[in-house]
Amino acid sequence: MDWGALHTILGGVNKHSTSIGKIWLTVLFIFRIMILVVAAERVWGDEQDDFICNTLQPGCKNNVCYDHFFPISHIRLWALQLIFVSTPALLVAMHVAYRRHEKKRQFRKGDQKCEYRDIEEIRKQRFRIEGSLWWTYTSSIFFRLVFEAVFMYAFYFMYDGFRMPRLMKCSAWPCPNTVDCFVSRPTEKTVFTIFMIAVSSICILLNVAELCYLLTKFFLRRSKKAGNPKHHPNHENKEETKQNEMNELISDSCQNTVIGFSS
Amino acid sequence: MSWGFLRDLLSGVNKYSTGIGRIWVAVMFIFRLLVYIAAAENIWKYEHDEFECNSKQPGCENVCFDHFFPVSHIRLWALQLMMVSTPSLLVVFHVAYRENREKHHNRKLYKRPGEIDGGLLCTYLISLILKTGFEIVFLILFYKLYNGFKVPRLVKCDIKPCPNTIDCFISKPTEKMIFLCFLVATSCLCIVLNLSELSYLIFKYSIKCYLKRYTKKHQ
Numbered sequence: 001m002d003w004g005a006l007h008t009i010l011g012g013v014n015k016h017s018t019s020i021g022k023i024w025l026t027v028l029f030i031f032r033i034m035i036l037v038v039a040a041e042r043v044w045g046d047e048q049d050d051f052i053c054n055t056l057q058p059g060c061k062n063n064v065c066y067d068h069f070f071p072i073s074h075i076r077l078w079a080l081q082l083i084f085v086s087t088p089a090l091l092v093a094m095h096v097a098y099r100r101h102e103k104k105r106q107f108r109k110g111d112q113k114c115e116y117r118d119i120e121e122i123r124k125q126r127f128r129i130e131g132s133l134w135w136t137y138t139s140s141i142f143f144r145l146v147f148e149a150v151f152m153y154a155f156y157f158m159y160d161g162f163r164m165p166r167l168m169k170c171s172a173w174p175c176p177n178t179v180d181c182f183v184s185r186p187t188e189k190t191v192f193t194i195f196m197i198a199v200s201s202i203c204i205l206l207n208v209a210e211l212c213y214l215l216t217k218f219f220l221r222r223s224k225k226a227g228n229p230k231h232h233p234n235h236e237n238k239e240e241t242k243q244n245e246m247n248e249l250i251s252d253s254c255q256n257t258v259i260g261f262s263s
Numbered sequence: 001m002s003w004g005f006l007r008d009l010l011s012g013v014n015k016y017s018t019g020i021g022r023i024w025v026a027v028m029f030i031f032r033l034l035v036y037i038a039a040a041e042n043i044w045k046y047e048h049d050e051f052e053c054n055s056k057q058p059g060c061e062n063v064c065f066d067h068f069f070p071v072s073h074i075r076l077w078a079l080q081l082m083m084v085s086t087p088s089l090l091v092v093f094h095v096a097y098r099e100n101r102e103k104h105h106n107r108k109l110y111k112r113p114g115e116i117d118g119g120l121l122c123t124y125l126i127s128l129i130l131k132t133g134f135e136i137v138f139l140i141l142f143y144k145l146y147n148g149f150k151v152p153r154l155v156k157c158d159i160k161p162c163p164n165t166i167d168c169f170i171s172k173p174t175e176k177m178i179f180l181c182f183l184v185a186t187s188c189l190c191i192v193l194n195l196s197e198l199s200y201l202i203f204k205y206s207i208k209c210y211l212k213r214y215t216k217k218h219q
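Chains A and B, in that order, are what the protein sequence lines are. Position one of the first sequence corresponds to residue 1 (the UniProt record's numbering), numbered consecutively onward. Position one of the second sequence corresponds to residue 1 (the UniProt record's numbering), numbered consecutively onward.
One chain only, chain A, in its complex shape:
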């Protein structure tokens, strides 16, 4: 399973996130993707082979009953959830790449307004989350929330809760009468399911917190502008740039390249 590509793309997004966004990314990588790859796959590896039914009728145990109780495997559902939840971050990456592209175009045309000395500076620059980038960032968080909620609900709906029972009764054709079927490693699977659900909930909380933080910042900035029309852009820029640099030094440890988007 090649999660390296996703890791590289998300690492690039990390640069332009808020602090809560960076925590979310860390939680995503360590507690979800790593756990999925390292542990969960082993636990669910033999799920169909070790799903035993009390019948010798061909087609009953391996196919019909298994398909009836597991329309889509937990592992695949989590993999899809991770892919969908990570995707909105791409919107931000695309927006940043577009802004960089515009600034490069301005620089090439020799625009007087452009304040960069060379192309390298444009490439390395970190954009503040304001203006249209704020809207892109906020909608990406909103979509993340929606996807997390949808997948959690789909999980709950498909498996009637988050517990994995030891015994299931199957009466689908061609099984003769009602047949007892036994799931392999039910307790271990329940533990991992609860773990993934808990981490999912933490991610939802982080996203909600980030959304509130961004909205608060937006309204504060608006009221500041309304109350004080003559602000000193240079002074504000310097302070915020210093804070940005500090944030980067403290928390930026991921890769800074985004596949293809940084060219």
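Take these hints with a grain of salt, some might be off.
[To be verified] Only pairs whose alpha carbons sit at most 30 Å apart, straight line, appear in this in silico BS3-like list of lysine-lysine: (1) B:K111 to B:K204; (2) A:K169 to B:K216; (3) B:K108 to A:K104; (4) A:K22 to A:K169; (5) A:K103 to B:K45; (6) A:K109 to B:K217; (7) A:K109 to B:K156; (8) A:K103 to B:K160; (9) A:K103 to B:K56; (10) B:K204 to A:K104; (11) A:K103 to B:K108; (12) A:K103 to B:K217; (13) A:K189 to B:K45; (14) B:K15 to B:K204; (15) B:K208 to B:K103; (16) A:K104 to B:K208; (17) B:K108 to B:K208; (18) B:K160 to B:K56; (19) A:K169 to B:K45; (20) B:K56 to A:K169; (21) A:K109 to B:K56; (22) B:K108 to A:K109; (23) B:K111 to B:K45; (24) B:K15 to B:K208; (25) A:K103 to B:K156; (26) A:K189 to A:K103; (27) A:K104 to B:K111.
The set of hints was computed from the structure by calculation and includes no laboratory data.
Fit chain B to the given chain A structure using the hints.
What follows is chain B alone, placed relative to chain A:
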């Protein structure tokens, strides 16, 4: 299966694409390649072993499996991903050819070798048409080979050496159907992206051409 080569190819293509082209590359990577590698491959891994027929007749299961799955879904999917990504190579080759020419003549022949105009525009449009063509061909192939996009739980088989008509059961049919629907949806999305990119480029360059002719006339 090592998809690293395809991934590198697509990243290289990204440099010479329009905005819509970049969205196409992102959709290809994340919703098709990653989903294929992360999820789909495992579902179809033991499809032959898990295909069960209600008969002890030796050879019956093999014959029935071969009859219902002439080419496995997963192989067809992999072929589709490869064929659809390949036309982008034409653009990469053309840009490399341009850079080579500049080096050979030792002077600047083009404003930027990667700028989509003139011959490169034709190559780009041809690659878009080929991509769309391949997508449609594979979707039709899927539909024709498997009688739609549904995967049934039970299939009835009466080919020799199976005695009479026997029941055969396909493993994980629901999961396979979910991922096939996903495949079809992403395929259609890519077709829509390709067609919009095609119309955008044709529109943009016809306006450019018209304006050039208009200013020439007035001069």
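Worksheet item: Going straight from one Cα to the other, do K108 of chain B and K104 of chain A come out at no more than 30 Å?
Response: holds, 21 Å
Worksheet item: Can the restraint linking K56 of chain B and K169 of chain A be considered satisfied, given a maximum Cα separation of 30 Å?
Response: With a Cα-Cα distance of about 27 Å, the restraint between K56 of chain B and K169 of chain A holds, given a limit of 30 Å.
Practice prompt. Verify the proposed pairing of K169 of chain A with K216 of chain B, using a straight-line Cα cut of 30 Å.
Written response: violated, 81 Å
Worksheet item: Taking only the CA atoms, is the gap from K204 of chain B to K104 of chain A under or equal to 30 Å?
Response: holds, 22 Å
Fill in: Agreement of K169 of chain A and K45 of chain B with the hint, judged by alpha carbon distance not exceeding 30 Å
Holds, because 27 Å separates the two Cα atoms, which is no more than 30 Å.
Discussion item. Hinted pair, alpha-carbon criterion (30 Å max): K103 of chain A, K160 of chain B. Please report holds or violated.
Written reply: violated, 70 Å
Worksheet item: Going straight from one Cα to the other, do K104 of chain A and K111 of chain B come out at no more than 30 Å?
Response: With Cα atoms ~16 Å apart, K104 of chain A and K111 of chain B stay inside 30 Å; holds.
Practice prompt. Please work out if K111 of chain B and K204 of chain B have their alpha carbons no farther apart than 30 Å.
Written response: holds, 18 Å
Worksheet entry | Agreement of K189 of chain A and K45 of chain B with the hint, judged by alpha carbon distance not exceeding 30 Å | holds, 22 Å
Worksheet item: Taking only the CA atoms, is the gap from K22 of chain A to K169 of chain A under or equal to 30 Å?
Response: violated, 45 Å
Worksheet entry | Restraint check for K103 of chain A with K56 of chain B, where alpha carbons must lie at most 30 Å apart | violated, 71 Å
Practice prompt. Would you mind confirming whether the straight-line C-alpha gap from K108 of chain B to K208 of chain B stays at or under 30 Å?
Written response: Given pair K108 of chain B, K208 of chain B holds - Cα atoms ~23 Å apart, limit 30 Å.
The structure fails hints 2, 4, 5, 7, 8, 9, 12, 21, 23, 25, 26 (numbered hints given earlier, in ascending order).
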